[in-house]
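Q: Residue-level listing of the chains:
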Amino acid sequence: MSLPLDDLARKGILKAGREIGEQATPQAVEEVASAAIRKPPIVIGENMERVRRYAQKIGGETIDDWLGGRKWTPELNDEFINTVKREGREIVDIGPDFNRRLRYRLDPTDPLGRPPSIVYGRERRQLSGYPNYRRVYERFWKYGGGVPGLDY
Amino acid sequence: MSISSSECQEFARLVQKHFAFLADYGFKRAYQYEVSSSTFCKVVYLGKNVAIEIYLDVRDNYVGITVVKVINGVPKDKLHGGFHADLGDYLKRRGRFRKIPIQPFESSIETALAIWAKHLYLEGGEILEDTPHSLPITDMG
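Those protein sequence lines, which keep their order, are chains A and B. Quick note on numbering: this note's numbering labels position 78 of the first sequence as 78, and the sequence is numbered without any gaps. Quick note on numbering: this note's numbering labels position 27 of the second sequence as 27, and the sequence is numbered without any gaps.
Read the hints as simulated data drawn from the structure, not as lab findings. Possibly wrong hints are sitting among the right ones.
What the hints assert, rightly or not - Taking lysine-lysine and the DSSO-like style, the derived pairs with C-alpha atoms no more than 30 Å apart in a straight line are: (1) B/K99 with B/K28; (2) B/K99 with A/K57; (3) B/K76 with B/K28; (4) B/K92 with B/K118; (5) A/K85 with A/K71; (6) B/K17 with B/K92; (7) B/K92 with A/K57; (8) B/K17 with B/K48; (9) B/K17 with B/K28; (10) A/K57 with B/K48; (11) B/K76 with B/K118; (12) B/K28 with B/K118; (13) A/K142 with B/K92; (14) B/K28 with B/K48; (15) B/K76 with B/K92; (16) B/K76 with A/K57; (17) B/K118 with A/K142; (18) B/K99 with A/K142; (19) A/K85 with A/K57; (20) B/K48 with B/K92; (21) B/K92 with B/K28; (22) A/K57 with A/K39; (23) B/K99 with B/K17; (24) A/K142 with A/K57; (25) A/K39 with B/K76; (26) A/K39 with A/K85; (27) A/K71 with B/K17.
Unchecked claim - If you want the footprint, here are the derived chain A segments under chain B, 3+ residues with CB under 8 Å: (28) 45-52; (29) 70-84.
Since the model is a prediction, treat every value here as computed from it, not as a measurement. A virtual CB, placed ideally from N, CA and C, is assigned to each residue, including glycine.
With the hints as constraints, model all of the structure from the sequences given.
A: Given below as structure tokens:
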């Protein structure tokens, strides 16, 4: 018997599956959906410290789990996002690291600040329109916000 | 930028160099909580009530510090009934985060470590005291 949450997740994943492969048989899409439901969600966001901490809390996985010890490169980062999309995995976005962005905004020469991450920005673009994407952060203004319980 | 475990070891060596003063306050390296992964290196100093976690986010070449509440000898963040905060944000909320000029090192990572170390040493007195009240149980609000 499916739980209501499973049903909701299944619907989202089925939609993702259809968009990924319109020519796939319903049975194949269903298999992808079932597999995706069994796998933990993927957590993305700016600053791996935040990403790891949040993933640990919700039982999610990060790019480190997918890399499995391989050296990180921007190309592998792209491949990671494409792979989890293809699998129909739920992707949880914890958003920007507003602290370091604000430090950069106040003083672009501050070594403790950072402009918006190119890597994270690219991930967001890759995920544009992806139906099994879930945003869990709030933005109060351009340089303020975060995930309740994690950032404030 | 990509990284190997030996590069995390090099990061840990630089952390040790700039944060050696933590030993004077009773903080000890807690290797069991440290991380060396493809995208992330973390060095942890554990006190009785406070843990200081110094990390490198490899993908953005960013160095940061998180201060975490220690409960019964274990670091517990806000997600697990304790408290954690970005050091800069924590000090800023207390009006103690000022720009600290420093002679840059050859490596931007080392420069960031040197600045963070100065912030902690000069402005983080109550954190270094490592008392049960050094960090709140819940968020500062």
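Q: Which numbered hints turn out to be false for this structure?
A: Number 2 only.
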